[in-house]
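A.B. asks: Sequence:
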Amino acid sequence: MTSSQQTLLAELETRFPEKTWKWVIPALRQDVAVWHELLDESFRMEVVRSVGDNPGAWTPARLGMVALNRENPTRLTWPPARLSPTVQEKAAHCYRDFAQNPTGPVALAKAFLLALALLETYRETPSWKEILAACQPLTAWKSPLACLYNLTDARQELLNALPAPLGVRTLLATPSPPEKAQNYLFNFLEILPPEKQMAWLQALSLAKPALTSQVAHALAEVNISPTLHAPELSQRAELYRLAQKPQEAMRVLQQAAKVHRDIQTRLSAQLNTTTAQVQENPLTSPAWKEIIRAARTPHGFEKYAKEIIVLLATLIEKDFTTAAETLVENIAAPYPEDPALLTVLARLALIQGEQRKAKNLAQKALETLTKNSSTSPGLSKILFQLEMYPESITSARHTLGTLPSHEETLITLAKAQNTL
0 MTSSQQTLLA ELETRFPEKT WKWVIPALRQ DVAVWHELLD ESFRMEVVRS
50 VGDNPGAWTP ARLGMVALNR ENPTRLTWPP ARLSPTVQEK AAHCYRDFAQ
100 NPTGPVALAK AFLLALALLE TYRETPSWKE ILAACQPLTA WKSPLACLYN
150 LTDARQELLN ALPAPLGVRT LLATPSPPEK AQNYLFNFLE ILPPEKQMAW
200 LQALSLAKPA LTSQVAHALA EVNISPTLHA PELSQRAELY RLAQKPQEAM
250 RVLQQAAKVH RDIQTRLSAQ LNTTTAQVQE NPLTSPAWKE IIRAARTPHG
300 FEKYAKEIIV LLATLIEKDF TTAAETLVEN IAAPYPEDPA LLTVLARLAL
350 IQGEQRKAKN LAQKALETLT KNSSTSPGLS KILFQLEMYP ESITSARHTL
400 GTLPSHEETL ITLAKAQNTL
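Mapping the sequence shown onto numbering that gives the first Met the number 0, position 157 (from 1) lands on 156, and the numbers just tick up by one.
These are calculated hints, taken from the structure and not from any lab test.
Mixed in with the good hints there might be a few duds.
Below, simulated PhoX-like cross-link-like pairs (lysine-lysine); rule was C-alpha separation at most 25 Å, straight line [stated by the list, open to error]: (1) 317 - 356; (2) 380 - 414; (3) 305 - 195; (4) 302 - 288; (5) 128 - 109; (6) 109 - 89; (7) 302 - 195; (8) 370 - 380; (9) 305 - 317; (10) 21 - 358; (11) 380 - 317; (12) 363 - 288; (13) 358 - 305; (14) 89 - 179; (15) 128 - 195; (16) 288 - 358; (17) 109 - 179; (18) 179 - 18; (19) 317 - 358; (20) 380 - 358; (21) 356 - 380; (22) 302 - 21; (23) 414 - 363; (24) 179 - 195; (25) 358 - 370; (26) 288 - 305; (27) 370 - 356; (28) 363 - 302; (29) 380 - 363; (30) 89 - 21; (31) 317 - 288; (32) 305 - 380; (33) 179 - 21.
Whole structure, please, built from the sequences with the hints as guidance.
C.D. replies: Written out as structure tokens, the structure is:
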């Protein structure tokens, strides 16, 4: 951590009440443009003069307007109403240029200007899905989207138009107390179709596991009906699992397995994982043979890869090493180039004391996630444990590019940098 970052953190902790630190500071760190601008002491002083000391008001858009006003002779006021012709022209010009060449880091003032342009476009074409289809790749628009979220009244429509990981990132960039964030997420996710709802929860769990658990439990408890079919029961069991309620998940999964056998393999994978979570050895579970059968063929593993990887990680976490080894032995060779799988396999090899094998798997996982632009949050810690410090730093920085407030990775990065 640089001295300017240490100074910024110390100032934020002095300025805001201690009870707000856990939700304000991670939100301000979420967006690169916001955090970079806050490192400037003169900018922070201007924010205090313009926005005040209310932590909930330090949103990307409010800070973006301060950044733009420092460059713009025609100062905007909050909330920005109809824009002057000068600002409209400047925003439109900025949008055209960036849409043609969406590369490089976006400074906060520019991000706010792009958000204003998108908002003006929405007044002409009131469909975020249609507008964002022209903003490709969407990952280049992270900071403008963070600002836009605070500007538009159609926030849920905007989030719904985004891929889940980017939607979560956009939402978390706005400081919000845990209770408020939980209620907002519940109301938003409740209206989504099951597949999209689960995608959001899984993306959210990488950054905010405690919040995910609370929201998932609330969702699992609504509209309980004894006549639910297997797919709905499977969805509810996954919600209970994310809510850290494995006993409830087991109960629902067992009910689902009786209701419909066509999804037996997927349910069996979830049941094995949940069994391990409640400290019961899954080798005695009737579902164990089903998941072993699925893992033995490339097609079966590919179809149920997510469930098998979650199961394997849970077995390792709960010290069911023999069961984990049995499952690995039955995965069809060669191993798929899946960074999540390779990371879990490296962790197992490390536990078994097979240092060379663990290093090879971890190195391959790092190469794969770099090549595929994917994320495996636990990899940097494993690389650190293997004393592969430069690789640990590379992996941590890759993860923080997607999950900038991931606590374990931030700690690992600091340890690796101090070791070097």
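A.B. asks: Now tell me, hint by hint, if it's right for this structure.
C.D. replies: Status of each hint after checking the structure:
1. Proximity of residue 317 to residue 356 is assessed by CA-CA distance (about 22 Å); at most 25 Å being required, the pair is judged to hold.
2. Simply put, residue 380 and residue 414 have alpha-carbon atoms about 10 Å apart, close enough for the 25 Å limit, and the pair holds.
3. Restraint check: the Cα-Cα separation between residue 305 and residue 195 comes to about 16 Å, which is no more than 25 Å; the hinted pair holds.
4. In summary, the hint linking residue 302 to residue 288 is supported, as the alpha carbons are separated by about 17 Å, within the 25 Å threshold.
5. Using a Cα cut-off of 25 Å, the hinted pair residue 128 and residue 109 holds, with the two alpha carbons roughly 22 Å apart.
6. For the given pair, residue 109 sits about 10 Å from residue 89 by alpha-carbon distance, which is consistent with the 25 Å threshold.
7. Under the criterion of a C-alpha separation no larger than 25 Å, the hint pairing residue 302 with residue 195 is consistent with the structure, at around 19 Å.
8. For the given pair, residue 370 sits about 20 Å from residue 380 by alpha-carbon distance, which is consistent with the 25 Å threshold.
9. Taken as a hint, the residue 305 and residue 317 pair is honoured in the structure, with Cα atoms around 18 Å apart against an allowance of 25 Å.
10. About 35 Å separates the Cα atoms of residue 21 and residue 358, which puts this hinted pair outside 25 Å; it is violated.
11. The straight-line distance between the Cα atoms of residue 380 and residue 317 is roughly 18 Å, inside the 25 Å bound, and the hint therefore holds.
12. Simply put, residue 363 and residue 288 have alpha-carbon atoms about 29 Å apart, too far for the 25 Å limit, and the pair is violated.
13. For the hint pairing residue 358 with residue 305, the CA-to-CA distance comes to about 23 Å; that is within 25 Å, so the pair holds.
14. Under the criterion of a C-alpha separation no larger than 25 Å, the hint pairing residue 89 with residue 179 is inconsistent with the structure, at around 35 Å.
15. Taking the CA atoms of residue 128 and residue 195, the gap is about 15 Å. The hint holds against a cut of 25 Å.
16. At most 25 Å may separate the alpha-carbon atoms for a hinted pair to count; residue 288 and residue 358 exceed this at roughly 31 Å.
17. For the hint linking residue 109 to residue 179, the alpha-carbon distance of about 29 Å lies beyond 25 Å, and the restraint is violated.
18. Proximity of residue 179 to residue 18 is assessed by CA-CA distance (about 15 Å); at most 25 Å being required, the pair is judged to hold.
19. Between residue 317 and residue 358, the direct Cα distance comes to roughly 22 Å. Compliance with the 25 Å bound is thereby established for this hinted pair.
20. Of the supplied pair hints, the one linking residue 380 and residue 358 holds, its CA atoms being roughly 12 Å apart against a limit of 25 Å.
21. Distance hint between residue 356 and residue 380 is fulfilled; the C-alpha atoms sit about 16 Å from each other, no more than 25 Å.
22. About 39 Å separates the Cα atoms of residue 302 and residue 21, which puts this hinted pair outside 25 Å; it is violated.
23. Simply put, residue 414 and residue 363 have alpha-carbon atoms about 22 Å apart, close enough for the 25 Å limit, and the pair holds.
24. A hinted pair counts as satisfied when its Cα atoms are at most 25 Å apart, and residue 179 with residue 195 qualifies at roughly 22 Å.
25. Distance restraint check for residue 358 and residue 370: the Cα-Cα separation of roughly 18 Å lies within the 25 Å cut-off, and the hinted pair is therefore satisfied.
26. Taking the CA atoms of residue 288 and residue 305, the gap is about 18 Å. The hint holds against a cut of 25 Å.
27. The hinted pair formed by residue 370 and residue 356 meets the criterion: a straight-line CA distance of about 21 Å does not exceed 25 Å.
28. Between residue 363 and residue 302 the CA atoms are separated by roughly 22 Å; this keeps the pair inside 25 Å, and the hint holds.
29. Under the criterion of a C-alpha separation no larger than 25 Å, the hint pairing residue 380 with residue 363 is consistent with the structure, at around 15 Å.
30. For the given pair, residue 89 sits about 37 Å from residue 21 by alpha-carbon distance, which is inconsistent with the 25 Å threshold.
31. Restraint check for residue 317 and residue 288: satisfied, since their Cα atoms lie roughly 20 Å apart, inside the 25 Å limit.
32. A C-alpha spacing of about 21 Å is found between residue 305 and residue 380, which places the hinted pair at or below 25 Å, so the restraint holds.
33. Note on residue 179 and residue 21: the hinted pairing holds, with a Cα-Cα distance of about 14 Å set against a maximum of 25 Å.
Of the numbered hints given earlier, the model fails hints 10, 12, 14, 16, 17, 22, 30; all others are met.
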